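K.L.:
If you want the building blocks of each chain, they are given just below.
2 protein chains.
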Amino acid sequence: MKFPTNLAEMKPHTSTTLQKEREKASFPVQEMDKFINGEKSIALREKALRVIRAEPEIFDTKDIYFMSRNEKLDRIYQQEKRIQELLRDGKIDATDIGQIFGILDWSSPFDLSRGMFIPTLMQQCTDEQKKAFLEPALKYQIIGCYAQTEMGHGSNIRGLETTATFIEETDEFEVNSPTLTSTKWWIGSLGISSTHACVMAQIYVKGKHVGLFPVVVPIRSMENHKPLPGVTVGDIGPKMGFNTMDNGFLNLNKVRVPRFNLLQKYVSVSRTGEVTRPANINSRASYGTMVFVRANIASNMGRQLAKGITIAVRYTSVRRQFGEPGKPESPVLDYGIVQYRIIPILAKTYAMIGMSHEFYAQYEKTAALIEKGDFSMLKEMHAVSCGLKRWTSDTCIYGVDTCRHVCGGHGFSQFSGLNEFFAGLYPNIIWEGDNFVLAKQTASYLVKSAYGLRTKEQVEVNDTTNMFRHFMNLDSKLSPAELYTWSGKSAHEIASSEKLLLDLLGYRVISMVHDLAVKIYGKGQSWEESSVPSQGIATVHSEYTVCLYFSRHINKLPQGSPLRPILQSLFKITALSFLTRNTGELYGLPSKASMTREQINGLVSEYIESMKEVREQAVPLVDALGVPDEKLNSSLGKYDGNVYEDYMERALNEPLNRDGTGEEIRKRFFDKYIGPTIHADHSKVSKL
Amino acid sequence: MKFPTNLAEMKPHTSTTLQKEREKASFPVQEMDKFINGEKSIALREKALRVIRAEPEIFDTKDIYFMSRNEKLDRIYQQEKRIQELLRDGKIDATDIGQIFGILDWSSPFDLSRGMFIPTLMQQCTDEQKKAFLEPALKYQIIGCYAQTEMGHGSNIRGLETTATFIEETDEFEVNSPTLTSTKWWIGSLGISSTHACVMAQIYVKGKHVGLFPVVVPIRSMENHKPLPGVTVGDIGPKMGFNTMDNGFLNLNKVRVPRFNLLQKYVSVSRTGEVTRPANINSRASYGTMVFVRANIASNMGRQLAKGITIAVRYTSVRRQFGEPGKPESPVLDYGIVQYRIIPILAKTYAMIGMSHEFYAQYEKTAALIEKGDFSMLKEMHAVSCGLKRWTSDTCIYGVDTCRHVCGGHGFSQFSGLNEFFAGLYPNIIWEGDNFVLAKQTASYLVKSAYGLRTKEQVEVNDTTNMFRHFMNLDSKLSPAELYTWSGKSAHEIASSEKLLLDLLGYRVISMVHDLAVKIYGKGQSWEESSVPSQGIATVHSEYTVCLYFSRHINKLPQGSPLRPILQSLFKITALSFLTRNTGELYGLPSKASMTREQINGLVSEYIESMKEVREQAVPLVDALGVPDEKLNSSLGKYDGNVYEDYMERALNEPLNRDGTGEEIRKRFFDKYIGPTIHADHSKVSKL
Ligand SMILES: Cc1cc2nc3c(=O)[nH]c(=O)nc-3n(C[C@H](O)[C@H](O)[C@H](O)COP(=O)(O)OP(=O)(O)OC[C@H]3O[C@@H](n4cnc5c(N)ncnc54)[C@H](O)[C@@H]3O)c2cc1C
Ligand SMILES: Cc1cc2nc3c(=O)[nH]c(=O)nc-3n(C[C@H](O)[C@H](O)[C@H](O)COP(=O)(O)OP(=O)(O)OC[C@H]3O[C@@H](n4cnc5c(N)ncnc54)[C@H](O)[C@@H]3O)c2cc1C
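Residue numbers (the UniProt record's numbering), protein chains in the order written: chain A, 1 to 688; chain B, 1 to 688.
For reference, chain A alone in the conformation it holds in the complex (with noise of 0.2 Å):
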């Protein structure tokens, strides 16, 4: 198809618009991807984007939209298949595939293998064992997944139904699933690429029930794939997104697997059945994982948020609808609803990713106590990773969203690079602990931990519960003024300062604390009853977090810094975004530290107002944040502007169009279809 090439060109041309919003930069762009991301974050993806751009016969996606599930399994087996000569090779290193996926941003049916396999086995082997099946796993020569959720269950982790008994005859362990249910379902890299499963299983030895722990289970021949003898495996079929993972069902009818296979770091059973823990393990040890899981997800949502905010930024800027006549029509991006929509998203990822430093270095501390342990910091860190997941998902998910919804019927292309992208993102707010579910467990701390303080328990120091100490006024004897500093000031006077923002969200928290541990300990509601407010409380908990971090992260810039004053207005926005997101929560503080509705209004409007601000400096910001035209995948977000023409490319790539390919699949529908029915016989129509 040919599009016509005697068209006039747009005034101002979109890449020109953009051109401008660079100009107006107040701040070294290229400084502020080095404080936002780090030195090493930007060494990695300049090495990735070396390895992409090379060979982009096998690493170019621009296609990936108009593949079916099948094509785009091949051309992601085809990547992988690469990735692993170039490793092998010594051409990159582990660190580096999950950098290179990041860009090409789309999950290779290997990275359960990467991501929960190989962990496991690094952390619940033996020496031996990691011989056996550490080694290979590391090499590649065996593909492994994480085969935990049920059919049946997957919160409940304890009602598992799948079984691995003892059978000392044989010194053997016989893997069962009992029933439908205990089908073995969602385990990623399993539907189609694992040779190997590592199977949570209750284990039974001589009749009793043991406990839910890890057994190895080969489930393909390793020289044609076929499924082994007991064993059913496939794929669980098409998902919203994430369709290149295999995320595979498996049922073991009766397989036995020797008794080496199950994984003895936590438990060990021998040759006669005599079951042993190590005595130097500590219970809360295991959180360890699925702490480190959910750090990790909490610290990768900024950058994933990234990525959506670039798009959203760099497209409105450059959409003009309306405006005043005679001029050129308005950039959308200067409407303040417009404005309302994504600049709160822009500074929440700055925010996001700047809390990130900070939390995965606290995270970094815990983890290297517990090596020696001692687990002090452990169930903070805990409460604050399950909380900062939740959020940071599903601030992330549903920034994404509102990213596409500002971007107008456009954004509903695929080519606007939101969609595949969202529904991807999606599973974040459902694994590794449904939000819902997770808040519980924050806000159960927050309240167990207030309640001690208030009884003089032994409570642990950290920033939860020294703001905690703070408020409740343990250590010192504070005036009223010194505890509610925000009492008496003016809306402008709170929103410029950095710390009674920052007291502020923090009584928040306090303050709902409060509430429901009087209703728990006070009342005797239980925590189920508690169900409700405790989303509120894991929300505003993280929104102090997130807030406290990001700050701290800004306070290591020199006082002179160029960056500082935009990242404060982002501070601010972020902030006021949360403080005035339900206003309730603001009316509601104890009367002694109550607001007046001036300055809850006032909040309101400081907030609406501190956008413009930030608006002149988008383009600049979302730059920062190095985002490169690989990852975004995206007519509406490309780099150079080119907003239009490159839509239209990729609208003539469509196979309905292309040639070679359209002319053929239109003729076949009108032949078919379309035809007989516009020259149909209408002699015999009968009237209605």
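Any given hint could be a false lead.
Same chains, same label: a pair holds when it works inside one copy or across any pair of copies.
Here are the simulated DSS-like pairs of lysine-lysine, each with C-alpha atoms no more than 25 Å apart in a straight line [to be verified]:
{"hint": "1", "residue 1": "LYS254", "residue 2": "LYS2"}
{"hint": "2", "residue 1": "LYS226", "residue 2": "LYS667"}
{"hint": "3", "residue 1": "LYS72", "residue 2": "LYS62"}
{"hint": "4", "residue 1": "LYS208", "residue 2": "LYS372"}
Derived from the structure by calculation, the hints contain no laboratory data. Just so we're clear, the structure is a prediction, and the values are computed from it rather than from any experiment.
Once you've looked at the hints, dock chain B with the ligands against the given chain A.
P.N.:
Chain B with the ligands alone, transformed into the frame defined by chain A:
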């Protein structure tokens, strides 16, 4: 692939659990179906189901989740062809088509010919033009589309760039797309199907701009469907959803059509280029179509949400997770936070459908008056329909999203029935006026009406202004106690009274409208600066209207009707969900009418409490919505409750597993990619 058949049966079986839920019904389910959907709609549903069930080889859609876009197009064209045959044979009529595709739950590529092309012709053709265009369109002898949106312009219609210039010499219009961005884009039924396009173009006659009017342009050959000279037409490519629709693009390179092809109801151009506009056409008449389309969306959204909530309620009733030891695990619908997520959606589904009967009756009254030249109801109808289109589409789409998320991991499978569904509904928040743009129109009507009442201008009498009049105390001298009926009442009293809830909902509207009016008329704030509060005002106004109309619908039932109690509970939940959404709106009421903290917290508790009652009736309530299995197309929502069996059956049918296709595809992946990786030569691996 064979699945083991020797597995133990689940206990209690999901189908038994569902049966038990049904036995709890406190009301006659079929009566409820009749009341909420209307008898006419049930008859139509049954007729459509007969057609669908008679020819499963054509109309069965169980397999669509496995299909590529082209396979789907092939299937739906086939269905459309069959439907045309049934139509010509007099077996079905035009109304049935909508019903049939409504149940099959996807859009036919001929839908825009039926839904926009034909209605435009009906409204804007002269009698002669009707013969030439409308009659063949009704017989499907030509297929058309409504080509308004361009690549560069959607919301701002005045900015459209396509021109149609009168050429007096040849008595023709020359239709032209001067730029890339002037290319018509997003046009449904255009990409593959249409023979004709109804093109909105800037009309120029003798060098003068006449305005924006529709011109019928033949675009493809009637013989072989090839594009006519000067026409570049194609499909715009893959979208988030709605992929059985051939949204297309169209560039017209100086294409000539007879002058006759300008639709002449609202404008006519004579042989010599004289432009006339019929005198008897009110400029507001053209509002009519927009109002009609929006009223249709608003009336339809509840019926769509019915599908989502049916799946969510049935599945969460049988999905068991956690619980007391020794007992079967609890259905997740027993958990407070699950109820909190979906019971309000169930209530709103009823409220939306109930509202739609009243609203549609209003719409018909308005339309009848317009026919008689009386436009007195149009302004409110326009404002209300903007508001309700916005509110219902938002509530439906994010309601469906909640229904998906509440199903946990399985919601993410295509077999949940909720994913293509969500994607297909999504454009309702974008088309026919983007939701964020629409809010401005509703808010501006409300602010202007309130101001008009205050300044004693002539203001139409309607539900909105009646409520304003009441609270402005214009017609009578009511005491504060009579106006602010909630003052001094307990939360329980408020929550139990339909009148008090409606009073509160109404007063919340006028108080927020008042706040904005003061800024606009008192402080000169511009409408553009008011766009953020406009969103909130449009929302509370729609919430009030939905409750008002729903309560009217309920009150058509006789006092002792067994349907009343549960409907009143649904009303209560709906109203409370609106009032507690952002409690800041209640805290912010002016002091003469203020609510206490106790009342507000009390309403939140009443809200949570009220869900338990409806939870007991949830399954009968979704049954009464009457959504057939064919429309659900869902393992999780099946009427018979055989959730896991159906889920497994569908998974086995996945082409990657299916006998006849699976083995070959998997072998290919293994031979080409997986095998070479796991058997690779590692001797050259360099240590990193
Ligand atoms: C794309 C994808 C990939 C996955 N990959 C893997 C994998 O590789 N390996 C693996 O083992 N698993 C995997 N999973 C499974 C995932 O871990 C589970 O889906 C998740 O744990 C949720 O469990 P569920 O789906 O059974 O939901 P359920 O537990 O059935 O939850 C259903 C609903 O009930 C609610 N609910 C449950 N319990 C309670 C309660 N006590 N109180 C209140 N509400 C409750 C939940 O919030 C949810 O809304 C994957 C899932 C997805 C979607
Ligand atoms: C699936 C689908 C099918 C369609 N079918 C048809 C069809 O058959 N025929 C047809 O003619 N069209 C069709 N359309 C086009 C549809 O009508 C437009 O997408 C819609 O009008 C929105 O316009 P836009 O996409 O240009 O968004 P824009 O107008 O570009 O809006 C972009 C963003 O700017 C915001 N915005 C715009 N103006 C303002 C303002 N003044 N103040 C504040 N914010 C503003 C919007 O809210 C939006 O977020 C279809 C669209 C879709 C998605």
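K.L.:
Each hint: holds or not?
P.N.:
Results of checking the hints against the structure:
1. LYS254 / LYS2: Between. Shortest inter-copy distance 16 Å satisfies the 25 Å Cα cut-off; intra-copy 62 Å does not.
2. LYS226 / LYS667: Answer is between: at 9 Å across copies they meet the 25 Å cutoff, but 41 Å inside does not.
3. LYS72 / LYS62: both (12 Å within a copy, 23 Å between copies)
4. LYS208 / LYS372: Result: close neither inside a copy nor across copies, 33 Å intra and 84 Å inter.
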